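Q: Listed below, chain by chain, are the residues.
Number of protein chains: 2
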Amino acid sequence: MTSRDGYHWTPEVGLTHGVPSLGVISPPTNIKNTDGPWDVIVIGGGYCGLTATRDLTVAGFKTLLLEARDRIGGRSWSSNIDGYPYEVYSPPIPTYQPNPNLIPTPDGRHLGPLTPSALNHFQLRTSPNTSTPTSTYMTHEAEDELLRTALHKLTNVDGANGRIILPFPHDMFHVPEFQKYDNMSYADRINQIQDDLTPNERASLEAFILLCSGGKLENSSFGEFLHWWGISGYTYQGCMDCLISYKFRDGQSNFARQFWNEAISTGRLGYVFDCPVARVSDSDDGVRVTARDGRVYAAKRVICTIPLNVLSGVQFSPPLSETRALAARNGHVNMCTKVHAEVDNKAMRSWTGITYPLNKLCYAIGDGTTPAGNTHLVCFGTDANPIQPEEDVRETLRAVGELAPGEFGVKRLVFHNWVKDEFAKGAWFFSRPGMLGDCLEGLRERSGGVVFANSDWALGWRSFIDGAIEEGTRAARVVVEELRPGRGVRACL
Amino acid sequence: MTSRDGYHWTPEVGLTHGVPSLGVISPPTNIKNTDGPWDVIVIGGGYCGLTATRDLTVAGFKTLLLEARDRIGGRSWSSNIDGYPYEVYSPPIPTYQPNPNLIPTPDGRHLGPLTPSALNHFQLRTSPNTSTPTSTYMTHEAEDELLRTALHKLTNVDGANGRIILPFPHDMFHVPEFQKYDNMSYADRINQIQDDLTPNERASLEAFILLCSGGKLENSSFGEFLHWWGISGYTYQGCMDCLISYKFRDGQSNFARQFWNEAISTGRLGYVFDCPVARVSDSDDGVRVTARDGRVYAAKRVICTIPLNVLSGVQFSPPLSETRALAARNGHVNMCTKVHAEVDNKAMRSWTGITYPLNKLCYAIGDGTTPAGNTHLVCFGTDANPIQPEEDVRETLRAVGELAPGEFGVKRLVFHNWVKDEFAKGAWFFSRPGMLGDCLEGLRERSGGVVFANSDWALGWRSFIDGAIEEGTRAARVVVEELRPGRGVRACL
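Sequence lines, in order, name chains V and F.
So the first sequence is numbered by the UniProt record's numbering: it starts at 1 and just counts up by one.
So the second sequence is numbered by the UniProt record's numbering: it starts at 1 and just counts up by one.
Wrong hints could be hidden among the right ones.
[What the hints assert, rightly or not] The calculated DMTMM-like cross-link candidates involving lysine to aspartate or glutamate, where the alpha carbons are at most 25 Å apart (straight line), are: (1) F:K300 / V:E262; (2) F:K153 / F:D82; (3) F:K153 / V:D144; (4) F:K411 / F:D438; (5) V:K153 / F:D144; (6) V:K153 / F:E141; (7) F:K153 / V:E262; (8) V:K153 / F:E145; (9) V:K425 / V:D344; (10) F:K346 / F:E407; (11) F:K346 / F:D274; (12) V:K425 / V:E407; (13) V:K346 / V:D82; (14) V:K180 / V:D195; (15) V:K32 / V:D70; (16) V:K300 / F:E262; (17) F:K153 / V:E141; (18) V:K420 / V:E441.
[What the hints assert, rightly or not] Just the calculated beta-carbon pair ranges, DEER-fashion: (19) F:N261 / V:A278: 35 to 45 Å; (20) F:E481 / V:P37: 45 to 55 Å; (21) V:P485 / F:E218: 56 to 66 Å; (22) V:S135 / F:N330: 51 to 61 Å.
These aren't lab readings, by the way, just hints derived from the structure by calculation.
Just so we're clear, the structure is a prediction, and the values are computed from it rather than from any experiment.
For each residue, glycine too, the CB sits at the ideal point set by N, CA and C.
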């Protein structure tokens with residue numbers, strides 16, 4: 001099935017909108033006008049909404065899932081083209097993060113062996129003093145050493161690389177002094193350590209942390225990076241394992257399908273795709289959700305998984321709390337661009353490259369070999385040097401080419417522009433300085449019959465699939481506790 | 001409530017059997033003779049059985065839990081004495097292992113900040129060439145360096161500390177050559193590297209890996225240790241984080257209670273404690289479980305979570321598969337002894353010690369400060385130098401004292417002897433050489449209406465709470481898929 005989301009470009013056909021995805025649900029609805037009222041309406045079919053929907057339907061509740069897109073997965077999905085999965089968003093699934101692995105594959109071996117994204121030669125293109133970047137080539141061992149050293153300088157705020165100031169990453173403000181680092185931007189921290197960084201360390205470090213935030217040096221929270229660092233085990237190797245080295249063997253959308261299948265097989269799931277929500281009205285009689293097309297759905301409770309950056313586009317009655325409204329208005333900073341390029345140089349399978357600061361795609365990694373035998377490169381841009389890849393494909397091709405000039409021709413591009421995506425307005429959550437201290441608790445509060453849940457305000461792997469599962473689990477438990485019919489010990493015996 | 005399990009000793013009262021635990025369930029049953037038949041019977045109320053029971057009851061199935069003991073938690077529980085939790089078995093809950101954290105505490109902050117088990121001076125007592133151990137004192141930094149170096153020598157079978165030979169710890173035999181290491185004992189591997197180990201490295205290393213296996217050098221699988229190493233992130237720091245540094249803030253049994261509460265609140269849980277099982281008979285009409293007291297319970301499916309080392313004590317019809325029967329007959333090797341000692345030396349709060357090989361308790365760690373202001377030491381013995389702590393308390397006190405002669409007096413002992421425990425016959429699972437290659441798949445197979453599930457044969461954190469949750473989740477999913485009434489998409493809409 002082809003989704004409306006995403007873009008595909010080949011030299012032969014040019015740019016087309018929409019790519020195939022296993023996440024597309026057809027037909028787009030399974031309900032009739034007379035169905036309902038519902039026990040629960042879940043707004044949003046990303047991992048958080050899918051988890052909540054799965055847990056609610058399994059627990060016996062008649063649940064309606066409303067999704068604005070034509071597919072499940074939200075900001076996280078994959079496009080399988082010629083049998084090869086391009087991850088439109090590919091969060092990590094290391095051994096440290098067993099949650100997603102707990103969905104068994106048909107062979108009962110969880111997800112089975114994961115495909116490591118191999119990384120055998122690193123190309124750093126930078127230009128601290130001139131406007132023409134020059135290439136430095138180094139082994140991956142030297143690349144590791146460069147980044148390890150730079151990251152240790154960045155994170156060593158307490159003589160213990162963050163272990164003292166952030167002993168429990170799930171509880172960011174356990175040590176109240178952590179607030180100081182949450183209030184700092186990347187730029188503030190770089191400023192403190194700049195005299196201790198070599199030019200290559202600085203270029204690589206800035207490119208790496210911008211790859212994490214998708215923002216600018218001035219608007220990305222240093223504290224949020226420390227949270228990523230801590231939850232990855234406070235080491236460079238941990239960051240590689242958690243953030244870079246693994247992907248789903250069969251692609252993201254195949255994984256999302258397993259939540260979906262579990263929910264649908266209960267017989268208690270109603271769903272409507274292509275159904276953006278306009279209004280959520282909560283009263284003593286329950287919650288009413290009005291779609292943009294005017295249809296109204298009613299339920300006892302609503303779990304709202306709309307991402308932070310698009311929450312302001314929905315009308316709430318009563319209105320959003322002050323904290324939530326403020327956070328939604330300011331938004332998070334991640335304006336990451338991810339461009340998949342199929343290139344005709346097989347030798348680049350284990351290549352990595354940074355071209356920074358002068359290129360609109362600053363970081364790239366060889367991610368696999370396509371069925372045609374070409375190399376699949378994943379290339380990232382950030383808001384520090386923004387690019388809208390569909391607006392000028394020649395510019396996009398130039399930016400891809402600049403990563404390793406003269407090394408390859410491009411056979412295919414696949415990408416999705418989250419920034420212009422009206423249901424995302426940004427990629428994975430990344431905090432502004434001070435935002436978490438000010439808003440995290442408020443974002444997690446419920447409001448009457450509406451429970452707000454999203455990876456954007458998870459406590460653990462915030463911004464990752466795991467955080468979405470954490471939040472979906474939390475929201476479903478809140479609702480199940482409240483709606484459970486017989487609470488007595490012997491009710492059904 | 002006081003459990004029959006465990007022992008308590010004080011100088012004033014001497015040895016008593018049974019200690020208080022939050023895991024004791026009272027009254028011991030909630031069913032009548034006329035209740036039943038059941039959808040599912042779960043045999044065993046450890047974490048695996050609790051997880052399966054929780055998932056099944058939440059999914060709408062009438063479930064009967066049969067437990068031989070008077071409490072939940074199985075081999076993993078805690079005794080709260082004077083408000084202080086002694087972990088009778090304390091597996092790790094690091095940030096890497098988010099599963100248990102996903103059970104929210106009443107304040108909705110998961111388990112909230114975990115209490116780190118602090119570790120400021122290391123005392124190594126060894127005697128490579130004489131029969132009288134002498135003490136060497138070193139900083140914890142030097143202790144870390146000693147163990148890090150020794151563990152790197154042990155694990156570096158592939159030039160990459162196991163990352164090449166075991167790239168996916170959840171899939172042990174992904175690289176078929178791994179079988180070679182599974183076939184090796186600790187002693188075989190030590191033999192290969194002994195010329196490269198200093199005497200202190202060797203003593204510390206052997207004590208550490210025996211602490212992991214609870215067995216002897218000759219009967220513990222080196223491959224299983226590599227699995228622990230890999231799943232902990234292939235680093236010494238990862239091992240400390242995963243195996244040593246964390247415990248539950250409110251104790252193990254408080255955590256187990258949360259699974260229990262979730263199941264009981266569905267109104268679909270029947271249970272009988274003090275109910276050891278004698279026979280499990282599977283036929284086309286369903287499964288019948290006969291308790292030792294002659295009562296018979298019937299269900300459509302049984303999830304059997306009986307640990308490997310006691311499986312032979314139950315009669316199965318049809319009989320256990322050849323592989324399962326063989327594995328159960330041979331058993332796993334973990335005969336660990338864990339003795340909690342409250343000692344009157346406050347300064348030992350951050351003390352660690354190894355006395356090896358000549359003491360019956362080889363490893364000890366300062367684990368906390370008791371309400372009386374004393375230090376709580378956790379002391380471990382293994383089958384390499386076995387001790388039955390309740391049989392001769394003076395010998396046990398001598399072994400505790402030998403860890404740091406002249407440093408303290410003992411005010412209290414708390415322990416549980418898993419080896420003599422008829423429902424465990426050993427502590428957490430640890431493989432014999434070759435056992436996993438021969439038996440792991442066979443142990444995971446179902447047999448007709450009986451699904452076998454236990455952390456002992458989990459794929460991920462085998463032997464840990466996380467592995468029990470993995471297995472309970474798997475078993476419940478198998479059963480839910482089969483028993484779900486309406487599989488049609490619109491069945492309940």
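Q: Compare the structure with each hint and give your call.
A: Here's how the hints hold up against the structure:
1. Taking the CA atoms of K300 (chain F) and E262 (chain V), the gap is near 21 Å; set against the 25 Å cutoff, the hint holds.
2. A threshold of 25 Å between alpha carbons decides the hint, and for K153 (chain F) with D82 (chain F) the separation of about 44 Å lies outside it, so the pair is violated.
3. Straight-line distance between C-alpha atoms of K153 (chain F) and D144 (chain V) comes to about 22 Å, which keeps the hinted pair within the 25 Å bound.
4. For the proposed pair K411 (chain F) and D438 (chain F), the alpha carbon gap of about 47 Å is over 25 Å, so the pair is violated.
5. Simply put, K153 (chain V) and D144 (chain F) have alpha-carbon atoms about 22 Å apart, close enough for the 25 Å limit, and the pair holds.
6. With a C-alpha separation of about 20 Å, the suggested pairing of K153 (chain V) with E141 (chain F) holds against the 25 Å cut-off.
7. The straight-line distance between the Cα atoms of K153 (chain F) and E262 (chain V) is roughly 46 Å, outside the 25 Å bound, and the hint therefore fails.
8. At roughly 22 Å between alpha-carbon atoms, K153 (chain V) and E145 (chain F) fall within 25 Å of each other, so this suggested pair holds.
9. With a C-alpha separation of about 33 Å, the suggested pairing of K425 (chain V) with D344 (chain V) is violated against the 25 Å cut-off.
10. With a C-alpha separation of about 10 Å, the suggested pairing of K346 (chain F) with E407 (chain F) holds against the 25 Å cut-off.
11. Distance check on the hinted pair: K346 (chain F) and D274 (chain F) sit about 40 Å apart at the alpha-carbon level, beyond 25 Å; violated.
12. Pair hint K425 (chain V) plus E407 (chain V) does not hold up; C-alpha atoms about 34 Å apart against a cutoff of 25 Å.
13. Straight-line distance between C-alpha atoms of K346 (chain V) and D82 (chain V) comes to about 18 Å, which keeps the hinted pair within the 25 Å bound.
14. Between K180 (chain V) and D195 (chain V) the alpha-carbon distance is near 21 Å, which keeps this suggested pair within the 25 Å criterion.
15. Distance hint between K32 (chain V) and D70 (chain V) is fulfilled; the C-alpha atoms sit about 18 Å from each other, no more than 25 Å.
16. Proposed proximity of K300 (chain V) and E262 (chain F) is supported: the alpha carbons are some 21 Å apart, at most 25 Å.
17. Only pairs whose Cα atoms come within 25 Å are accepted, and K153 (chain F) paired with E141 (chain V) is accepted, the gap being roughly 20 Å.
18. Taking the CA atoms of K420 (chain V) and E441 (chain V), the gap is about 28 Å. The hint is violated against a cut of 25 Å.
19. Hint check: N261 (chain F) to A278 (chain V), Cβ distance near 39 Å, so the stated range 35 to 45 Å holds.
20. Between E481 (chain F) and P37 (chain V), the C-beta spacing of about 29 Å breaks the proposed range 45 to 55 Å.
21. Checked against the given bound of 56 to 66 Å, the beta carbons of P485 (chain V) and E218 (chain F), roughly 58 Å apart, stay inside it.
22. Range check, S135 (chain V) to N330 (chain F): about 59 Å between beta-carbon atoms, so the 51 to 61 Å window is met.
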